[in-house]
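S.K.: Protein sequence lines, in the order shown, are assigned to chains V and C.
All residue numbers for the first sequence refer to the working numbering, where the first residue is 1 and numbers rise by one.
All residue numbers for the second sequence refer to the working numbering, where the first residue is 1001 and numbers rise by one.
Honestly, I wouldn't trust all of these hints.
Per label pair, the in silico range of CB-to-CB distance [to be verified]: (1) 91/V - 1652/C: 32 to 42 Å; (2) 1652/C - 9/V: 35 to 45 Å; (3) 74/V - 1619/C: 41 to 51 Å; (4) 61/V - 1612/C: 48 to 58 Å; (5) 82/V - 1604/C: 49 to 59 Å; (6) 74/V - 1628/C: 20 to 30 Å; (7) 1626/C - 9/V: 33 to 43 Å; (8) 1652/C - 5/V: 55 to 65 Å; (9) 1613/C - 20/V: 23 to 33 Å; (10) 1628/C - 4/V: 40 to 50 Å; (11) 1613/C - 4/V: 24 to 34 Å; (12) 27/V - 1604/C: 54 to 64 Å; (13) 1612/C - 9/V: 48 to 58 Å.
Rather than coming from a laboratory, the hints here were simulated on the basis of the structure.
C-beta atoms are modelled at their ideal positions from N, C-alpha and C, and glycine is treated no differently.
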Amino acid sequence: MVPTSYYILLSALLFTLGVAGVLIRRNALVLFMSVELMLNSANLALVTFAMARQDIAGQMVVFFVIVVAAAEVAVGLALLVAIFRTKQTTDVDEIHSLKG
Amino acid sequence: MNWIIWLIPAFPLIGFLLNALVVRRERAAGILASVMVGLSFAATIAAMVVLEGAPSEAKRLTWTLWEWIRIADFRVAFGLLFDPLTAVMALLITGVGGLIHIYSIGYMHGDVRPVRFFAFMNLFVFAMLMLVMADNLLLLFLGWEGVGLCSFLLIGHYFDRRSVPPGINPSEAAVKAFVVNRVGDVAMLAALFAIFTNFGTLSFYDNPQLGISGYLDQAIVVAGEMVDLGAFGQLPLITGITLLMLVAVTGKSAQFPLYTWLPDAMAGPTPVSALIHAATMVTSGVYLIVRNHTLFDQPASAAPWVLVIGVMTAFIGATAAVAQLDIKRVLAYSTVSQLGYMVAAVGMGAYVAGMYHLLTHGLFKALLFLAAGSVIHGIGNYQDMRRMGGLRNALPTTFRLYVIGALALSGIFPFAGFWSKDEIIAHAWFDARSPLAAIMLILTSAVTAFYMGRQIGMVFFGRPRDQAIHGHESGVAMRWTMVTLAVGAVIGGLINLPGLHWLNSYLRPVLQEPEVIYTVGMGILATITTLLSAGAGYLGWKTYACDLEPRIRVGKEDPLFRYLGDLWRGMEIGWGLDWLYQRVFVRPYRAASVFLSDVVDREAIDQVLVDGTARGLVRLAHGLRALQNGYIRTYALMFLFGVILVVAFFALRG
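Required output: the full structure, derived from the provided sequences and hints.
M.R.: So this is what it looks like as structure tokens:
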């Protein structure tokens, strides 16, 4: 059996990958994918702990996260399409009209 | 019939209210104001008739309108009092006041705001009547402040002008009169407090109907009481109260050292000078002392100080009058000097003589002021005597009336001033046994005659010095009021002529003063005084009408300046009290005000506190704007740091 720490390590790796993606990439679509990556790394951590502690609650939270993520993607992609229609770009650095 | 006495002050009050609220036209305002004062005069006569019917042991009419203040045992009634003393004062106020109102109809014709003028004149008459008719000290104080207010309002009648002759700013003169009077009024209030704490009442006399006791009826009780002044030792209560009253008198009656406001009060229209600053308001201090004579009769009272102040003021005022170049300022200093006579008289305990001089002075000084107003009016609002000269041909009636007023003021036999002034001097010499005071007063009388001779010489004799001036005689209303006053100035002495002493017997219920027994010595003294005055008057006339007349030039120093130099300069500035007050009080006060407004207010409060707060917020906002750059990645990064901080906090807390 693979040790729990391996899963957690993978989860942390994926999360860091997601954070780096959000901070570095300029394409809004890739940003979304990075966010999804972070969500799924969290999911991985949850199921890992659920298995390690023999507790079903962790797995339940994962379902919630998947549902929320799906909803978020739906809203987010719709926003993205709307932004692209008005600005003709999906580059987040071009979208800074809320500058103070 | 006692109710009749409240009509006396009611008429002028109605006149004031109507003029203030309803009337808009000059002529209507003038007639209304004059009629109201005339009705008040009629009511005074009627009240005097009623007073004759009162029992001789309590010869007074009282009428309580309502109870004004009631706190535990302390009660103050809004009550009017009419006794012989009030009667003569009210007669002077409404009589002379009425004539001056009629005169004003002519004098104020074409003025910028005549309705305001007449409204305040009526308010003044009302306040003055309240002052003399009050049956307690608090109500008297209401009138006392009321006349001060009207004086302020009327001195500042030309408040929109920067400067009126002789170079006075009317608003500043008004404020000056008000502030200087305040000094005396504080003392008056303190006297009120002292009487309240020690007697428990402010009423003058016992009032059996209301059950209020009067402090004048129990003055004997506190004769020996002392007031502890802490480190300053002890002071007899009576001394304290009378001293405070004396300070109040120096303010209102323009005595040394507070007389400086009166010469500047000439910034007001001339009828105001005649009514308020010569005939009535300034005499209220004398009235106050006479009304409270029971206190001043006590051995421990400040009466000697009253005498000293009076004599000093008489002399200082007369000498200052000699060197004035403005026709009204001469009369203003003359008023100061004559008030000194009255105060000196009441300081010696010669209350009847003081009242006598008050009444005759009210007549002839009002006449002089009105005649001066007639001159000013007739030559086109010039007041500088150097511009006048030779006006006796252009203004014959005014000239004759002026001479009558001047003779009465100088105390020449047989005019009114002779009788009243000589009674004071005789009292000083024979009864008060104070030859120094008597000699000072005789000298003052001579100086008085000199400056009146000088004034007549300068104004009416000599050659016309300003070709631009073409005098014309005043209208009928103005002339006839002056003639009436002139009749009073000639025969006014009758009211207390030796041998008749009507005023003395009339005032006896209030003052209980014995009849003066006239001796040969008094006759000799009076002869010396009047001869001296006549000589000085002739000298003054001769100097300015003949000898030195060619040296009087418009805009040049007075010819006597060459001979007297600094002494003359001192007299010209009223012996420098203004100069002193300017340096000791006015300038430090102004400097402090400038410091507070320019430094404390503008720099500290405006700049640092108000603007500083705003500027600090703007600067803070500039700093915070940099964070809000619109890039999502920056926000995400901050979010990340935030999360790391929170996680680190919980992780490290253990």
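S.K.: Do the beta carbons of residue 1652/C and residue 9/V sit within 35 to 45 Å of each other?
M.R.: 22 Å, violated
S.K.: Taking 24 to 34 Å as the hint, is the beta-carbon distance of residue 1613/C and residue 4/V inside that range?
M.R.: 58 Å, violated
S.K.: Taking the Cβ atom of residue 1628/C and the Cβ atom of residue 4/V, is their distance within the range 40 to 50 Å?
M.R.: For residue 4/V against residue 1628/C, whose Cβ atoms are near 43 Å apart, the range 40 to 50 Å holds.
S.K.: Taking the CB of residue 74/V and the CB of residue 1628/C, does the distance hold inside 20 to 30 Å?
M.R.: Between residue 74/V and residue 1628/C, where Cβ atoms are some 29 Å apart, the hint holds.
S.K.: Lying within 48 to 58 Å: is that true of the beta-carbon distance residue 61/V to residue 1612/C?
M.R.: 54 Å, holds
S.K.: Is it true that residue 82/V and residue 1604/C lie within 49 to 59 Å of each other by Cβ?
M.R.: 56 Å, holds
S.K.: Does 48 to 58 Å hold as the CB distance between residue 1612/C and residue 9/V, or does it fail?
M.R.: The hint (48 to 58 Å, Cβ to Cβ) holds, given that residue 1612/C and residue 9/V are roughly 57 Å apart.
S.K.: Taking the beta carbons of residue 74/V and residue 1619/C, is their distance inside 41 to 51 Å?
M.R.: 45 Å, holds
S.K.: Given the hint of 32 to 42 Å, check if residue 91/V and residue 1652/C actually sit that far apart at their C-beta atoms.
M.R.: The hint (32 to 42 Å, Cβ to Cβ) holds, given that residue 91/V and residue 1652/C are roughly 39 Å apart.
S.K.: Could you say whether the range 33 to 43 Å given as a hint is met by the Cβ separation of residue 1626/C and residue 9/V?
M.R.: 38 Å, holds
S.K.: Assuming the hint says 55 to 65 Å, is it satisfied by the Cβ distance from residue 1652/C to residue 5/V or not?
M.R.: 22 Å, violated
S.K.: Do residue 27/V and residue 1604/C keep their Cβ atoms within the hinted range of 54 to 64 Å?
M.R.: 58 Å, holds
The structure fails hints 2, 8, 9 and 11 (numbered hints given earlier, in ascending order).
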